[in-house]
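Just so you know, the sequences run in chain order X and H. All letters in the first sequence, in the order written, are residues -6 to 128 by my numbering. All letters in the second sequence, in the order written, are residues 3 to 103 by my numbering.
For the record, the hints were derived by calculation from the structure and aren't laboratory data. Treat the hints with care, since some could be wrong.
What the hints assert, rightly or not - Computed far set for chain H versus chain X, every beta-carbon distance over 12 Å:
#	residue
1	12
2	88
3	91
Unchecked claim - Reference listing, derived: stretches of chain H covered by chain X, where coverage requires no fewer than 3 residues with Cβ under 8 Å from a Cβ of chain X:
#	stretch
4	27 to 35
5	69 to 76
To be verified - Pulled from the structure, derived: some chain H residues nowhere near chain X, Cβ distances all over 12 Å:
#	residue
6	17
7	22
8	24
9	42
10	46
11	64
12	79
13	92
Even glycine gets a Cβ: it sits at the ideal position worked out from N, Cα and C.
Here is what each chain is made of, one letter per residue.
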Amino acid sequence: MTSSNVGIVIVSHSKDVARGAAEMVRQMVGPEVPLAHCGGDPGGGLGTSVESIMAAIAEAWSEKGVAVLVDLGGAETNSEMAIEMLPADRRDRVVICNAPIVEGAVMAATESSAGSSLAAVRSTAEELYAGSIVP
Amino acid sequence: MSESSAARSVLMKHPVGLHARPSVKLTRLAKSFRCRIEVAQHASGPWIDAKSIVKVMALKAPRDSTLHFRAEGEGAAEAVNALSALVARDFDEDHADAATS
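One chain only, chain H, in its complex shape:
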C-alpha cells in the first residue's frame, strides 16, 4: 500500500460554526477513510484526531474560522478533499435548519 500525505484548508461559512450536528457529520466522514486524519483551527496546530467525535466537538470552531485538514496514509488526498468539500457545502444543512440547532 502506498503511503501518502495531503493537507487542505477551507473557510467555514456555516452560520453556527462547528456545532453538534456538523461535528457528527465531519467525524463520520473522517471515519470512512482508513488514513490518519487530523483537523486544526490554525495551521500551526494544535491538531486533533478528526475521527474523535468528542475532540471535534470540543474544538468549538466558530463561523468564519478556517479549518485545516491533514491526512496521512491510504486515501489521504481523497480524505482531505472530501472533508473540505463537506465544510464548503455547509455540512449539507440549510440555514433555517441550522439556526434552530
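With the rest of the complex left out, here is chain X:
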C-alpha cells in the first residue's frame, strides 16, 4: 500500500495485544493510515523478533516515515535493532514513540490521518505522557 500518510507499527510481546491495538486503530481512525503489527514468538509464546518488526515496518512503509509503538523492554530494544538494520535511506524515517502502546497508536494514527509529518505524529503520541489521560 502506498500512502502519503505516516505509517504506524505496533510491536507487543503478545500477538493478541498487537492485533487488538491494530484493530482499535482501524476501527477508530480508518483505512487511510498504513498500519502493521507484530508480536509473540513463533512458538506461540510471548516475545518480539527483529525479523517480524522489520517485516511490519516494510508493510506499513510510507515515504513520510513510520512511527513505532512498543510495549515493554524487549519490544523497544528489538525495534531499535530492526531500525538499525534497515537500508540507510529508510533508517532515519522510522521513530519509536515514548507512549503507551494502545493509546499512543490511536493518537499517532489520528495525527497521521490528517497528513501530518513524522515529527508531528510522534509528538502527538508522546503528548499523552504530559497530559492528564495517563497520570
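The hints should help you fit chain H onto chain X, whose structure is shown.
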C-alpha cells in the same frame, strides 16, 4: 485570503459524551480545515485546540453538555458549522454501537 471568525455552540446528546471515537472524528474533521479552531465546554473557556486529539480527549465532556466552537481564518464559518453538525448528528454513531464503546 480574507480572514474571518465564527463561533457556534451545540448541545451534545450523545449517550456516552465525548469519548474516544467521537473525539477522533471531531479532531479529524477539525484538521480538514485550515483555520484555527478551538473548542470549550463553557463560553468563557478554557478553549483548547480542536485539532489536538490528546487535548480533545482530555476534555471528557459528558452527555448533555454544550460544546462551544470558535474558529478564525480561512473557512471559519464552514468549520464551526461542520463541527456543530457532526455533534448534532451524534457523531454518526448509532446508540447501540456507542453503548459498547
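task = Please write out, lowest number first, the hints stated earlier that are contradicted by the structure.
result = 5, 7 and 8
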